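Last residue of the sequence shown: number 160 in the numbering used here, and the count goes up by one each step with no gaps.
If you're looking for bench data, these hints aren't it; they were derived computationally from the structure. Here the structure is a predicted model, which means the values were calculated and not measured. For every residue, glycine included, the Cβ atom is placed at its ideal position computed from N, Cα and C. Watch out, some of these pointers could steer you wrong.
To be verified - In the DSS-like style, the derived pairs of lysine-lysine whose C-alpha atoms are separated by at most 27 angstroms in a straight line are:
1) 137 with 59
2) 59 with 16
3) 16 with 34
4) 59 with 102
5) 102 with 146
6) 34 with 59
Stated by the list, open to error - Each pair of labels, with its calculated beta carbon distance range:
7) 69 with 139: 40 to 50 angstroms
8) 28 with 59: 21 to 31 angstroms
9) 94 with 69: 31 to 41 angstroms
10) 139 with 103: 23 to 33 angstroms
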Amino acid sequence: MLRIACDDAWPALIDKCEEAMRRVIARSVQRVPKIGCTSVQSYSMHWPCLLPQHGPGMKHQREIALLPWQEEVVDEFPGDFARGLFHSDGCRSENRVVRNGKEYRYPRYMFSNESRDIMRLCQECLDRLGVPWRMCKPNMLSVARKEGVAVLDGCVGAKA
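Build the full structure now, drawing on both the sequences and the hints.
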């Protein structure tokens, strides 16, 4: 079974999650309401074939690596991969900085994950897209340069 917990604040993402499951493999998809979220789930013994990175334990304590066929998909659709990463573990926000008494505001994307492997996959994806990024902390990266934010606005967009 594949089960994805989706925050009820983003109903369009719940719809996209269900649509993606149906397009890939699922004949039937269930939505299970919980407090504050909805689990979108589907039963198939083939999910582990498509998501071999899944396994017991915490994801930041086990290897997360793309198989060659997954790398090919990411190479062809890096913007879609970035959207999934940022919608899952990132955000777009307004940063405010005061320098010499003057306040500056600008949009930026942040991505946070405890898994070094997932962080590396995000960095490589941003490199494929030509998006400049920098590490703020060992588990957090920032995209704040105007050209990088514009690229992510085009492929990631709002969660809606």
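Each hint, compared with the structure:
Of the pairs offered as hints, the one joining residue 137 and residue 59 holds, with about 19 angstroms between alpha carbons and a cut-off of 27 angstroms not exceeded. Distance check on the hinted pair: residue 59 and residue 16 sit about 23 angstroms apart at the alpha-carbon level, within 27 angstroms; holds. Note on residue 16 and residue 34: the hinted pairing holds, with a Cα-Cα distance of about 18 angstroms set against a maximum of 27 angstroms. Restraint check: the Cα-Cα separation between residue 59 and residue 102 comes to about 42 angstroms, which exceeds 27 angstroms; the hinted pair is violated.
Restraint check: the Cα-Cα separation between residue 102 and residue 146 comes to about 19 angstroms, which is no more than 27 angstroms; the hinted pair holds. With a CA separation close to 23 angstroms, the supplied pair residue 34 and residue 59 stays within the 27 angstroms bound. For residue 69 and residue 139, the Cβ-Cβ distance of about 28 angstroms falls outside the hinted range of 40 to 50 angstroms, so the restraint is violated. Taking the beta carbon of each, residue 28 and residue 59 are about 27 angstroms apart, inside 21 to 31 angstroms as hinted.
For the pair residue 94 and residue 69, the beta carbons lie near 39 angstroms from each other, so the given range of 31 to 41 angstroms is met. The supplied range of 23 to 33 angstroms is met by residue 139 and residue 103, whose beta-carbon atoms lie about 28 angstroms from each other.
The structure shown violates the earlier hints numbered 4 and 7.
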